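Q: If you read the protein sequences in the order shown, they are chains A and B. Sequence positions in the first sequence follow my numbering and run 351 to 566. Sequence positions in the second sequence follow my numbering and run 351 to 566.
Read the hints as simulated data drawn from the structure, not as lab findings. Heads up, a few of these hints could be off.
Among the chain B residues that face chain A by a calculated CB cut under 8 angstroms, a handful are [stated by the list, open to error]:
(1) L417
(2) F427
(3) L455
(4) K475
(5) S476
(6) Q479
According to the in silico footprint, chain B covers these stretches of chain A (three or more CB under 8 angstroms from chain B) [claimed, not checked]:
(7) 401–407
(8) 416–423
(9) 468–479
(10) 495–508
(11) 536–548
Predicted model, so just to flag it, every value in this text is computed and none were measured. For glycine and all other residues, C-beta sits at the position ideal for the given N, C-alpha and C.
Here is what each chain is made of, one letter per residue.
Protein chains: 2
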Amino acid sequence: MSPTITAFALSPDRGRGLARDMRVRWALEEVGQPYNVRLLSFREMKEPAHRTLHPFGQIPTYEDGDLALFETGAIVFHIADRHAGLLPDDATARARAMTWMFAALNTVEPPILAREAAILTERDKSWYQERLPILDDRVHARLRDLSGWLGDADWLDGGFSAGDLMMVEVLIRLKSSDMLDAYPNLSAYVARAEARPAFKRAFDAQLAVFTAASSG
Amino acid sequence: MSPTITAFALSPDRGRGLARDMRVRWALEEVGQPYNVRLLSFREMKEPAHRTLHPFGQIPTYEDGDLALFETGAIVFHIADRHAGLLPDDATARARAMTWMFAALNTVEPPILAREAAILTERDKSWYQERLPILDDRVHARLRDLSGWLGDADWLDGGFSAGDLMMVEVLIRLKSSDMLDAYPNLSAYVARAEARPAFKRAFDAQLAVFTAASSG
Chain A
351 MSPTITAFAL
361 SPDRGRGLAR
371 DMRVRWALEE
381 VGQPYNVRLL
391 SFREMKEPAH
401 RTLHPFGQIP
411 TYEDGDLALF
421 ETGAIVFHIA
431 DRHAGLLPDD
441 ATARARAMTW
451 MFAALNTVEP
461 PILAREAAIL
471 TERDKSWYQE
481 RLPILDDRVH
491 ARLRDLSGWL
501 GDADWLDGGF
511 SAGDLMMVEV
521 LIRLKSSDML
531 DAYPNLSAYV
541 ARAEARPAFK
551 RAFDAQLAVF
561 TAASSG
Chain B
351 MSPTITAFAL
361 SPDRGRGLAR
371 DMRVRWALEE
381 VGQPYNVRLL
391 SFREMKEPAH
401 RTLHPFGQIP
411 TYEDGDLALF
421 ETGAIVFHIA
431 DRHAGLLPDD
441 ATARARAMTW
451 MFAALNTVEP
461 PILAREAAIL
471 TERDKSWYQE
481 RLPILDDRVH
491 ARLRDLSGWL
501 GDADWLDGGF
511 SAGDLMMVEV
521 LIRLKSSDML
531 DAYPNLSAYV
541 ARAEARPAFK
551 RAFDAQLAVF
561 TAASSG
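Build out the structure end to end from the sequences listed, making use of the hints.
A: Structural data, given as structure tokens:
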């Protein structure tokens, strides 16, 4: 039996690959693991049946036999831990890849999401024009450090890993802005990841869900 | 050789245990692993020597022989992965504990830190009084779901794990507010964790650093 993940029946990003099932799809494609998808409406996500799988009422979840997981970090780690291709065998290199997974989710993503939240919910507020540059600065502080670390390497720490997968997924959220333009090596890093066949298969699969739903 | 962690020479929280070395100290105490501490000034944290260990110029870091890590999630996972006491042996239970580690750092912590950032940096802004309730609501949404999940259990998923350690460390940040009061089971959960001998040893050790530095 293949694992089953959940995803939006109608993704609010209109299939641009920003919904978090994309991370899990990409990881599964990288390791060559087939999977099933169960689509959920916004209403279904908040109902008790789904909350037994995901206490915070979100997508994605991951079910495989007796195991039920939520949180993309934990799901991607679980996939990477059980299949070759996303975490190095060497213990030191493996711990380093884990460091980058957590750095993506706990250090780089929060200021990016804080900026997104302001754009979505504070655009008509009197303070928006004063506050946005402060939020931009917090994102740039992370990008500057990350760009300095990456230098002219292809990936963050040796070969492509789950740490890169997660970092790229976080940076991709900035593509609707011009913020990455100031960091040519980060732009190239994102493009390098997007060119991976596994990324493309995952992207096409999530886009197909949106296309089918919106043309129905 | 014992591992070496870094911590603030003079913690901005005045030894209340909110600096992130506390997470690592607690994990090391839970597994009974001795450790060394190297103290850093704010200036030293941002210098190139430290940035080779921590690209974002923060504490804590973790060095053990050839291995150098940053990100508390990755450090606590590394400790839990190598020593008994913080992750169950059973593969399913272990994956669940990882889910709660990521949930603490990527789902529950961000709205708590966003609220803290506003209190620290926007208190004198014209919009503060209008914006703070919105930030409070985002925290309460997470606490409500977490409280509903925990119910009357002692820990989030079976026995105490690295997932609980990380979740408690995130919730403790709310103790300077009254936000946890609305969730008696979460308040009891935090108190249960703080009563653990390993927590107390870690707390006392970080407080001793501040006390010594500030009386010097």
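Q: Hints first: check each against the structure and report whether it holds.
A: Here's how the hints hold up against the structure:
no., hint, result
1, L417, "holds, 5 angstroms"
2, F427, "holds, 6 angstroms"
3, L455, "holds, 5 angstroms"
4, K475, "holds, 7 angstroms"
5, S476, "holds, 7 angstroms"
6, Q479, "violated, 11 angstroms"
7, 401–407, "holds (count 4)"
8, 416–423, "holds (count 7)"
9, 468–479, "holds (count 4)"
10, 495–508, "holds (count 4)"
11, 536–548, "violated (count 0)"
Comparing the model with each numbered hint stated earlier shows that hints 6, 11 do not hold.
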